[in-house]
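**Student:** Quick mapping for you: the protein sequence lines, in order, are chains C and Y.
The numbering used here puts the first sequence at residues -2 to 339.
The numbering used here puts the second sequence at residues 114 to 710.
Be a bit skeptical, because a hint or two may be false.
Computed spacing ranges between beta-carbons, pair by pair [as the list claims (entries may be wrong)]:
1. Y/Ala424 - C/Ser333: 17 to 25 Å
2. C/Asp147 - Y/Ala226: 54 to 62 Å
3. C/Asp150 - Y/Ser476: 44 to 52 Å
4. C/Lys54 - Y/Leu430: 51 to 59 Å
5. C/Asp150 - Y/Gly196: 34 to 42 Å
6. C/Pro141 - Y/Ala277: 52 to 60 Å
7. Y/Leu465 - C/Pro141: 33 to 41 Å
8. C/Ser333 - Y/Gly544: 54 to 62 Å
9. C/Glu289 - Y/Ser476: 21 to 29 Å
10. Y/Gly544 - C/Ala97: 13 to 21 Å
11. C/Ala155 - Y/Gln470: 36 to 44 Å
12. Y/Leu465 - C/Lys137: 24 to 32 Å
13. C/Gly98 - Y/Thr555: 38 to 46 Å
Source of the hints: derived by calculation from the structure; they are not laboratory data.
Cβ atoms here follow ideal geometry from the backbone N, Cα and C, with glycine treated the same way.
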Amino acid sequence: MRKIVLLVASAFALAGVTAGCGISASDESNLTIYTARDKGLAQNVVDAFEAANPDYKGKVRLLTLGAQEAAERVSAEKGRPQADIWWGGTQQQFVQSAGAGLLAPVPEAVKTSIPEKYRDAQGRWVAEMLLNEVIFYNDKMLKPDQAPKDWDDLVKPAYKNKIIVRDVAASGTMRSIYSAMISRKGKDGDPAAGYDWLRKLDANTKVYAANPTDLYLRMQRQEAPVSVWNLQDVLLQRKNSKAPFAVVSPASGVPQLLDGVAKIAKGPNSAGADAFLTFLLGQEQQKKLAEEWFQIPTVKMDAPPSWLAPLKLTEMKVDWDAAAAKENEWITHWGSAIKNKG
Amino acid sequence: MSTGTLTTAPPDTGGRARRRLPSRDSDRFVYVLALPVIAILVFFVLIPMLATARTSAGGAGFAANYRALLSGSGAHALLLSIGTSLASVLFCGLLGTLLAVLLNRFEFPGRRALSVFAVLPMALPPLIGAVSFVLLYSETGIVPRALHAVTGLNPGAVSVGGVAGVVLVHAFTMYPYFYLSVSASLAGQDVSLEEAATNLGAGRFRVWRTVLLPMLTPALVSGALLTFMMSMASFTAPQLFNVQTLTMEIVSARTSGNAELAATQATGLSVVSIVFLVGMRWYQNRRVHRSLSKGAAAVRRGPSSGPARAAAGLGSLLLTVVLMAPVLVIVLVSFSADGAWTTQILPPSYTLDNYLQIFTEPSSLLPVSVSVQASLLATAAAVLVGAAAAWVVARWKLPGRWTMDVVIMLPWALPGTVIGVNLVTAFNEPGASNLGLTLVGTLWILPVAYFVRFVPLVFRSTGASLDQLDPSLEEAARNLGAGPLRVLRTVTFPLVLRGVLAGALLAFVDGVGEYVASVVIYPPGVVPMSVEIYNRIYASEFGTAAAYGGLQIVLILLVLFASRRLEEGPRRGRSRRSRRDGPAGSGSAAASALTVG
Chain C
-2 MRKIVLLVAS
8 AFALAGVTAG
18 CGISASDESN
28 LTIYTARDKG
38 LAQNVVDAFE
48 AANPDYKGKV
58 RLLTLGAQEA
68 AERVSAEKGR
78 PQADIWWGGT
88 QQQFVQSAGA
98 GLLAPVPEAV
108 KTSIPEKYRD
118 AQGRWVAEML
128 LNEVIFYNDK
138 MLKPDQAPKD
148 WDDLVKPAYK
158 NKIIVRDVAA
168 SGTMRSIYSA
178 MISRKGKDGD
188 PAAGYDWLRK
198 LDANTKVYAA
208 NPTDLYLRMQ
218 RQEAPVSVWN
228 LQDVLLQRKN
238 SKAPFAVVSP
248 ASGVPQLLDG
258 VAKIAKGPNS
268 AGADAFLTFL
278 LGQEQQKKLA
288 EEWFQIPTVK
298 MDAPPSWLAP
308 LKLTEMKVDW
318 DAAAAKENEW
328 ITHWGSAIKN
338 KG
Chain Y
114 MSTGTLTTAP
124 PDTGGRARRR
134 LPSRDSDRFV
144 YVLALPVIAI
154 LVFFVLIPML
164 ATARTSAGGA
174 GFAANYRALL
184 SGSGAHALLL
194 SIGTSLASVL
204 FCGLLGTLLA
214 VLLNRFEFPG
224 RRALSVFAVL
234 PMALPPLIGA
244 VSFVLLYSET
254 GIVPRALHAV
264 TGLNPGAVSV
274 GGVAGVVLVH
284 AFTMYPYFYL
294 SVSASLAGQD
304 VSLEEAATNL
314 GAGRFRVWRT
324 VLLPMLTPAL
334 VSGALLTFMM
344 SMASFTAPQL
354 FNVQTLTMEI
364 VSARTSGNAE
374 LAATQATGLS
384 VVSIVFLVGM
394 RWYQNRRVHR
404 SLSKGAAAVR
414 RGPSSGPARA
424 AAGLGSLLLT
434 VVLMAPVLVI
444 VLVSFSADGA
454 WTTQILPPSY
464 TLDNYLQIFT
474 EPSSLLPVSV
484 SVQASLLATA
494 AAVLVGAAAA
504 WVVARWKLPG
514 RWTMDVVIML
524 PWALPGTVIG
534 VNLVTAFNEP
544 GASNLGLTLV
554 GTLWILPVAY
564 FVRFVPLVFR
574 STGASLDQLD
584 PSLEEAARNL
594 GAGPLRVLRT
604 VTFPLVLRGV
614 LAGALLAFVD
624 GVGEYVASVV
634 IYPPGVVPMS
644 VEIYNRIYAS
654 EFGTAAAYGG
664 LQIVLILLVL
674 FASRRLEEGP
684 RRGRSRRSRR
694 DGPAGSGSAA
704 ASALTVG
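One chain only, chain C, in its complex shape:
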């Protein structure tokens, strides 16, 4: 018995020794950011923000989490918001949260710096960047002339069991890509042709990856050569992890999604949130993010990012409002009637 007490006591002593560092009390002057962005990217921006605004030195608290978790947190904390900024999420997530009264308008200057099609009319969220959804392949497995050239190539028999797809229903990005495919094929809102196309894609899909990491890993380990994902992540994988990924520029264009940032309503530090948004969406930061982190800014720039032009990407026209309205219905149908059945 004494031994147990001793052990428990020593465990707590050990815990005590390691305690006390990095824990800051809640304070009105702190600025709290929930971000689904890459941790390195977000830290980089925050460091620059603190350097430019010495008042906030050491007061910005960054919490990295997935976009869906960020949405859940913001919604659960509605009564007493804990954070000021929600940075990184899909258009649909922001639209839903704005509708639930969770978001507040960004400063007027920030709002007007962003074209109207890339933001909420009231400015309760703004898109920070455009995400191109592309086809990419492992260039150690396929030569450029063997790679698919367009979306319709993906459903050809030649690519049977050559495709890996990030599991669709649990991923905002994949839901949007699949909705775009249905919307592209459909006439007058009839999804039948799109369903048919996705059934053929399912037949060619070798495996559904559980998460983006699982996807990159399976691609690098040559389980199958072809996949679809957003351009930024693919390029970052190539740059940071030396992944052998090559990007295809589909002839019929790429669906463009919006990835946004918003100010949380009734957050503890409203002025800080405004300052951060102004800084983040300023020319200088956006230019840096564009060049170093493969972002395509929504704010008007003097020149597009230098790496973008050689890829020769064109935008695929998608009626996103119609697609968003039908997305749940389509993806539910895909999950129950198409997935694993092609």
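Starting from the known structure of chain C, arrange chain Y on it as the hints suggest.
**Tutor:** Then chain Y, alone, in the frame of chain C:
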């Protein structure tokens, strides 16, 4: 009530004796102790978790939500969840029980090492833990590639996928729930029962079938409950192997923004788990599985001849490697260079960079400290409340006993995200239901969440030990003049100590690895280890993520060693003492004395 098994005390006499005994104030003590326990459970568990049921009536409406759950793809997913969970229980039960019997009843080379490693698969870090199964058993995994290299078999033909894959992951990560409870139960069994059966002419096999296994029922029920509920709420494995279970539907509904449908599905999930719980309790209560004594531990049998010893040693080495494989893969990845391992069977190049990066970055060890402290606090609270609740439920004589059982187990039956969201909603603003207590954004939210989520582990494990213990032992001590607290301290607690410890161990290990609820609640500046691992993975630092995973494994290994010392230390001391002084003094010796008398 004829049991057909060799339980030592005829249960009906025990019942009559209890009623006759003047144990009024002991009875009252159960209810006195019950008050704070029930208050804590209602406050931290029941009220927050009821939010899910409330939400499920919103959105499209109660009827529409539940119709969606019970028809079409919802119903299919529900059946699939139940099917895979039952299969997981079966395989975990086989693996965990066999392992427990092997390690507790037999002596062979490598036994001590195996008995420490046996719980380690629980320490698999989130996300990379699942990935390690892909690295092992998928078409490009180590095992199919190695088989291909040796035998020329097509890797696709030997890879594991679908429902089989899910059951495989569950079997290899959840068998410790059986292993620990069965081990605790075996250690608490009196060998004299077996000896009596053998003396009466029963063969080895018959002794196992009619004496040992029936006595293990409470432990098996406890393991089955934990495994079933956990499988029902499991998400990563179904996602990894592409099996459309109910948890997949929940995530899909949440991603699409339909929180009400998700709540309906989560409620459906917990209702199934609760039905299973009640069913198992009913099954267990048909018989009495009590022993009046805590005898000396059984002598371990071992192979005597040299070749037999060698074969047993080789077998145990093989078993250790198979069980440890997912853990070993993480260690392997943590020492290999990112992106170099592509088509080879094993990583081609090795490096220390991943660990160097962790140890040279400032404050990169903070997450380790956060997880350890939060889990320790939560485990301490879970031991107090969980063990007390188990005792109250075991000795409760009024109606409502099973309600309490269900309430405690509720957080185990719900998916982690749901628990996180419920806690944030409940403890965010001061209000009537939380008595003005706000925890969100404070350091206390993590330990509270781990407590709520893992108190079922201590509760179940202690309950299983208590169900093996005849209340007449406590009554005898009371008759000899001990007060209720003293009885608890000197009789009950020492006899269920192994069960409490097993539960505490599970709670601590699960706390250190908890991710899904943590990410919704962790306060700024206090990043738990699992969230840090997630961050590293998404920052495409797979190697450093694995290195964190390696640290977590080492940490849990240390805890396992410590808990083994804790278990073995007192027992060794006790047996020495009782050999010297005869049966007197310590609690368990007093218990044996009672049986004799």
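**Student:** Now look at each hint and say whether the structure bears it out.
**Tutor:** Evaluation of the provided hints:
A C-beta distance of roughly 51 Å is found between Y/Ala424 and C/Ser333, which places it outside the suggested range of 17 to 25 Å. At about 57 Å, the beta-carbon gap between C/Asp147 and Y/Ala226 stays in the expected band of 54 to 62 Å. Distance hint check for C/Asp150 and Y/Ser476: the Cβ-Cβ separation is about 48 Å, which falls inside the suggested range of 44 to 52 Å. For the hinted restraint 51 to 59 Å between C/Lys54 and Y/Leu430, the CB-CB distance of approximately 56 Å keeps it satisfied.
For the pair C/Asp150 and Y/Gly196, the beta carbons lie near 38 Å from each other, so the given range of 34 to 42 Å is met. Between C/Pro141 and Y/Ala277 the Cβ separation comes to about 38 Å, which falls outside the hinted range of 52 to 60 Å. For the hinted restraint 33 to 41 Å between Y/Leu465 and C/Pro141, the CB-CB distance of approximately 37 Å keeps it satisfied. Taking 54 to 62 Å as the suggested C-beta distance range, the pair C/Ser333 and Y/Gly544 does not conform, at roughly 40 Å.
For C/Glu289 paired with Y/Ser476, a C-beta distance near 24 Å keeps the hint of 21 to 29 Å intact. At about 20 Å, the CB distance of Y/Gly544 to C/Ala97 agrees with the hint of 13 to 21 Å. Between C/Ala155 and Y/Gln470 the CB atoms are about 42 Å apart, so this pair conforms to the stated range of 36 to 44 Å. For Y/Leu465 paired with C/Lys137, a C-beta distance near 27 Å keeps the hint of 24 to 32 Å intact.
Judged by the Cβ atoms, the range 38 to 46 Å given for C/Gly98 and Y/Thr555 is violated: they are separated by roughly 25 Å.
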